[in-house]
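Enquirer: Next come the chains, spelled out residue by residue.
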Amino acid sequence: MSELFRRYGTGMALAMLSGVAIWVLAMVVLPYFVMVEYSFHPNLTVVEMGGPKDHYTLENYASLFRGIDLVNLEFPDDFRVFLRTLWGATLVTFICLVVCYPVAYYLAKVATPERASFLLLILVIPFWINEILRTFSWYIMLAYSGPLNIILKALGIIDAPVRWLSGSGGVLIGMTYAFLLFMMFPLYNALETLDRNQVEAARDLGAPTWRIHWRVVIPHAKPGIAVGCIMVFVLAASSYVVPALLGSPGTRWFTETIYSWFFEAQNWPRGSAYAFILLGLCVAFILTMMRVFKVGLTDIAK
Amino acid sequence: MQSHRASDRLLTIYLGLFLLYLFLPLVVMAAATFNTSRFPTVTPWLGTTTRWFEALYNDAGMWVALKNSFIIGFFVIVVSVPLGVAAAMVLNGVHAKARGFLYAVMVSPLLTPGVIIGISTLVFWDRLGVKGGLHLAVIGQSSFITAYVMLMVLARLQRFDSSLEEAALDLGASHGQVFRRILAPHLKPAIISGAVLAFFQSFENYNTTLFTRGTDTTLTIYIASKVRTGLTPAVNALGLILIAVTVAGAVAYEIMRRRESARERAAEKAAEQEQMSALQLA
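Chains as they are written, first to last, in the UniProt record's numbering: chain A, 1 to 302; chain B, 1 to 282.
Treat the hints as calculated values from the structure; they're not laboratory data. It cannot be assumed that every hint is accurate.
[Said to hold, decoys possible] With a straight-line Cα cutoff of 30 Å, these simulated DSS-like cross-link-like pairs (lysine-lysine) come out:
id: 1; chain 1: B; residue 1: Lys97; chain 2: A; residue 2: Lys294
id: 2; chain 1: B; residue 1: Lys97; chain 2: B; residue 2: Lys188
id: 3; chain 1: B; residue 1: Lys188; chain 2: B; residue 2: Lys269
id: 4; chain 1: B; residue 1: Lys188; chain 2: B; residue 2: Lys67
id: 5; chain 1: A; residue 1: Lys53; chain 2: B; residue 2: Lys131
id: 6; chain 1: A; residue 1: Lys153; chain 2: A; residue 2: Lys53
id: 7; chain 1: B; residue 1: Lys188; chain 2: A; residue 2: Lys222
id: 8; chain 1: A; residue 1: Lys109; chain 2: B; residue 2: Lys269
id: 9; chain 1: A; residue 1: Lys222; chain 2: A; residue 2: Lys153
id: 10; chain 1: B; residue 1: Lys269; chain 2: B; residue 2: Lys67
id: 11; chain 1: B; residue 1: Lys226; chain 2: B; residue 2: Lys131
id: 12; chain 1: B; residue 1: Lys131; chain 2: B; residue 2: Lys67
[Said to hold, decoys possible] A short list of chain B residues far from chain A (calculated; beta carbon distances all over 12 Å):
id: 13; residue: Thr36
id: 14; residue: Pro40
id: 15; residue: Ala87
id: 16; residue: Trp125
id: 17; residue: Lys188
id: 18; residue: Ile192
id: 19; residue: Asp216
id: 20; residue: Thr220
id: 21; residue: Glu264
id: 22; residue: Glu274
Each residue gets a CB set at the ideal place from its N, CA and C atoms; glycine is no exception.
Start from the sequences and build out the full structure, keeping to the hints where you can.
Expert: So this is what it looks like as structure tokens:
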């Protein structure tokens, strides 16, 4: 701190510190605390706030789990949406990893540098295009008489058109497409640092291709895998637009539940509690990945 | 060796399919703009038209949304760039022990889901009596966009030779002069690209804006609501225009970035060579 004052003088150091205080406290930390505090209140009118009815309660959290019947495997609506979100986000993360891995490997280790640099430029383009437009493009692709059904039918893969937009298929396809490149770039960055000689050595020693990948390439790519999975999972679990555009009432996402608690049921404390649960889910996933793959926060921020 | 080449060919085919998968939906969406069909599609093709651009042009709601997006983007730059620069400088100047913790707090908004940033901003300001609207969208977006600016400035700051500052101070320059004449010019490229990124992030934001916007509409909100109610190829026309602008911008940005890093590499090389020749002279 004293170094700050010495280097920049009192006036500037104070200005800088107050700027940081405004950002960190008023825009980041305090809003979280207020949201969490709010989530432990009952839903009251403005008049009732601070009155006798205003006391701390766990009701908003308990309501998510109330009515779970593990014997008959019956779950209340909101909890079912929560499970669907958890499962869907995990699935999307896994699909992204599988789809991206060969491409990232090709770019990092097989293609010539000129070619890789050109392809990367091409790949960046959809990355820059708005998530909503990317999702909307699949809305057209997946329509009942749309291009995808026509292509699949022409290839003989399906006999009759599929109603993509009324099942979970549309949401999963759309999310994979929307978040794919968040997996691609961390993977590519990690693989790029792999020494080609290691692959050659393994090959010379007679390792088959799958084992080279399993024992040499994938272990090297671990930090990239971790970062990519964290990005995709958090984006998928907290996506609103993809399920809203490509889903149906039967494929509701947890973010949609939160939104309706806020703006349809007008129950903000409940919405805040659910938002905190979603945040907890994401943090749990991030910490697990960091632990399993042994990566730090600085690796992720890159 | 044979199998090696075969697997490479397989990879190339896979890459081709991957690129098709990546771009076909965007091409289809763009192409649907020119179909006469009232529902945006390319199958069947009912006839070629440009009337959906006209329909878009005549949609007053779109212009309001576009204006709002620009207003928010402008103020996000105004808020997040100075805060991001200050944060980077503080982070660079504090004790190493505090740095790790402060860094974690500062990058945490980048890992926080956008909807949660929106919700916490909404709840926090509501309790202070401030309702949703464009101003709240600016605050909500800036809370994480500042982190992007901070990271960009920090990267540049770490390559700054602080002995230049020392020298200027020793020679009697004021702190203000040192900042204006030495540090600010060094940080300028990072500040400019930070501002560009900030505007872009703001313009395409949906999740945070959804909760903080009150009753105002931004362009992303407009598109999403149009898709669900009142979808015509006019939305495709807007998408096509946005994609064209984005692609042009992205290519320009990418080329600029690559040229910049090439220039830096060349400068480093020159400095190295200078050092080598100095050593040889000695």
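Enquirer: Now, for every hint given, state plainly whether the structure supports it.
Expert: Now for the hints, and whether the structure bears them out:
no.: 1; hint: B/Lys97 x A/Lys294; in the structure: holds, 21 Å
no.: 2; hint: B/Lys97 x B/Lys188; in the structure: holds, 29 Å
no.: 3; hint: B/Lys188 x B/Lys269; in the structure: holds, 22 Å
no.: 4; hint: B/Lys188 x B/Lys67; in the structure: holds, 28 Å
no.: 5; hint: A/Lys53 x B/Lys131; in the structure: holds, 24 Å
no.: 6; hint: A/Lys153 x A/Lys53; in the structure: violated, 61 Å
no.: 7; hint: B/Lys188 x A/Lys222; in the structure: violated, 35 Å
no.: 8; hint: A/Lys109 x B/Lys269; in the structure: holds, 26 Å
no.: 9; hint: A/Lys222 x A/Lys153; in the structure: violated, 39 Å
no.: 10; hint: B/Lys269 x B/Lys67; in the structure: violated, 47 Å
no.: 11; hint: B/Lys226 x B/Lys131; in the structure: holds, 25 Å
no.: 12; hint: B/Lys131 x B/Lys67; in the structure: holds, 20 Å
no.: 13; hint: Thr36; in the structure: holds, 15 Å
no.: 14; hint: Pro40; in the structure: violated, 6 Å
no.: 15; hint: Ala87; in the structure: violated, 5 Å
no.: 16; hint: Trp125; in the structure: violated, 8 Å
no.: 17; hint: Lys188; in the structure: holds, 17 Å
no.: 18; hint: Ile192; in the structure: holds, 18 Å
no.: 19; hint: Asp216; in the structure: holds, 14 Å
no.: 20; hint: Thr220; in the structure: violated, 5 Å
no.: 21; hint: Glu264; in the structure: holds, 17 Å
no.: 22; hint: Glu274; in the structure: holds, 27 Å
Figure legend: structure checked against the earlier numbered hints; hints not met, in rising order: 6, 7, 9, 10, 14, 15, 16, 20.
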